[in-house]
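Novice: Below, each chain spelled out in residue letters.
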Amino acid sequence: MSAPEATTALKAKFQQASDRASLDHPAVNVPAADAPAALACLRDEFGFDMLADLTAVDWSAAASPRFTVVYHLFSTARHDYVRVAADCPNDAEPSVPSVTSLWPGANWHEREVYDMFGIGFAGHPDLRRILMWDGYPHFPLRKEFPLSGIETPLPDVEVAAETHASVKPAPMMGGPFVASSGQINLGAAEPRGQDESWTEKHEKPE
Amino acid sequence: MNAAAEFDTEKMSLSMGPSHPSTHGVLRIQLELDGEIVTKADPVIGYLHRGDEKIAENMTYNQFVPYTDRLDYLAPLANNMAYAIAVERLAKLEVPARCQAIRVLTAEMARISAHLLGIGAYAIDVGAWTVFLYTFTEREKLYKLFEELTGARFTTSYTRIGGLMRDVPGGWIERVDAFCDQFLPLFEESLDLLTRNKIFTDRTQGIGVISREDAIAYGLTGPNLRASGVPLDLRKDKPYSGYEQYEFDIPVGTTGDCYDRYLTRAEEVRQAVRIIKQVVAKLPGGAWYAEDAKRIFAPRKDKILTSMEELIQNFMLVTEGPQMPAGEVYFEAENPKGALGFFIVSKGGGVPWRLKIRAPSFCNLSILPKVCVGAMVSDVVSILGSLDFVMGECDR
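From first to last, the protein sequence lines are chains L and F.
Numbering follows the numbering used here, in which position 94 of the first sequence is assigned residue number 94; successive positions increment by one, without gaps.
Numbering follows the numbering used here, in which position 299 of the second sequence is assigned residue number 299; successive positions increment by one, without gaps.
Please note that the accuracy of each hint is not assured.
Unchecked claim - The list that follows gives simulated cross-link-like pairs (lysine-lysine, DSS-like), each with its CA atoms no further than 27 Å apart:
| id | chain 1 | residue 1 | chain 2 | residue 2 |
| --- | --- | --- | --- | --- |
| 1 | F | K54 | L | K168 |
| 2 | F | K141 | F | K282 |
| 3 | F | K282 | F | K40 |
| 4 | F | K238 | L | K143 |
| 5 | F | K92 | F | K294 |
| 6 | F | K238 | F | K282 |
| 7 | F | K141 | L | K11 |
| 8 | F | K198 | F | K92 |
| 9 | L | K168 | L | K143 |
| 10 | F | K294 | F | K236 |
| 11 | F | K347 | L | K143 |
| 12 | F | K282 | F | K236 |
Think of the hints as simulated: they come from the structure by calculation, not from any bench.
Working from the sequences, and respecting the hints, build out all of it.
Specialist: Below, the structure written as structure tokens:
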């Protein structure tokens, strides 16, 4: 089944599924609770047998629903993509059902989304951080997390006790170019413009 | 006889990596061993995590091109192309035929370079040093060509949204052609050291078998998927950048073991040479950037300094970034390691709201806990080498 047919059939089968705006592949929104059933239907009945990608989008702390989990399925027979998106119902403690039982490959993807966004996956067999270390207190891809990072204790307590070191935010003065999506405030976009700790008259501090 | 019944045995925990020669970078695998047999393997990744996706949300589209070099740093030209096409799909830009052909040419050269390293390093992993020396000699020649084209051997940053950094220099195409002619016999010679080598086949045949179903279920792509018998190649099945014009075959394995993955890569190198030969033979003339891309490209420096219009345009590009429409696109390109995908969510403006990098090495490595169980410790080395992953891309 081709991708546009599949999304039409999916909407017929799941009453709450709706079209999603897309610039390329056919896309549908499904409620988070229906996501595993809809994906299983796409996989088993419509031939979208490969989970190409699983990720999430943070629409900013002010938005509700705040988090959307996005699945990209690929059909190895028809060579077509379908995008399925599920909004997380709870903004404070976002969670969607896991699809690891459909694709074992989803395991790492869901761990990554949990690690980066703090989105829980109900039914995941082993939901722990994957790119950051165990015990890391933040979710880096959330919009409120600053680009430079946040000061955090070292993962190894013994090393931290010995060295008194911690994970420091990256020094942002002098680059990189920082811009925000949509309207750009030039003063905020270029931190070098705000940095007055050194000028022609004062030496640059080490 | 079951030894465990007679003696007190306990399972041993072994941490392999993150700096182990066979882990090709900073991968760590927490192994649980029963004697020589692996009973559990838990890969620990993230040692090379740099937050590329976070960085992408804070810079304009063209500024992110150098970061794509550092994903699969063995094939930066292919990453550059995948990223550029993804953004062009967002901007609805059509690049001209010459630009497409040059991109295909460079991506296939990157494929040769990446597979040469993959095969050479794999040979070292299983105990054959010589092949590496041959393949690295050839890679060096490719790097010379890359340097001539882009000014950098490694971090090429060659594409721009809607075009390229520059056209190919004079005589370069002929030198690529000459490289291909001398390369193939040498490549066959280095493969002769492996393909029927008893030690090599003993270390690879029947080791790390991945079934067709598992390969699809774990989202494997690239040579690792095709070695398991799935004839899926996005260059053929979902053509981009004009790949449909070129004739080439898709090698497919039968058993999905380490040996098949090696053979698949070897054949892909030959097919890449075939594609390069075709591009060289009929490289189209004309512009190497899209006319519409002027709203994205920085104008030429001499124009900026002498013409008001170009000066204003340059100012707008630098301060606000190229203006993109709002929307969502997902594009996957067939890179040497597998399907490299970019999912871009734009709210308009010069900066992506969200840019997700679907790294093939990340997905390919996720099958390790399954494929390593029951293997010997030495087989783990063989399996890792045959999966041919890059941590720069896996950890992002």
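Novice: All the hints need checking, so say for each whether the structure fits it.
Specialist: A quick look at each hint next to the structure:
1. K54(F) with K168(L): Holds. K54(F) to K168(L) sits at ~17 Å (cutoff 27 Å).
2. K141(F) with K282(F): OK: K141(F) and K282(F) at ~23 Å, within 27 Å.
3. K282(F) with K40(F): violated, 52 Å
4. K238(F) with K143(L): With a Cα-Cα distance of about 34 Å, the restraint between K238(F) and K143(L) is violated, given a limit of 27 Å.
5. K92(F) with K294(F): holds, 13 Å
6. K238(F) with K282(F): This hinted pair holds, its Cα atoms lying about 22 Å apart.
7. K141(F) with K11(L): violated, 54 Å
8. K198(F) with K92(F): violated, 53 Å
9. K168(L) with K143(L): Given pair K168(L), K143(L) holds - Cα atoms ~19 Å apart, limit 27 Å.
10. K294(F) with K236(F): violated, 31 Å
11. K347(F) with K143(L): Holds, at about 14 Å.
12. K282(F) with K236(F): holds, 19 Å
Checked against the numbered hints given earlier, the structure breaks hints 3, 4, 7, 8, 10 and satisfies all the rest.
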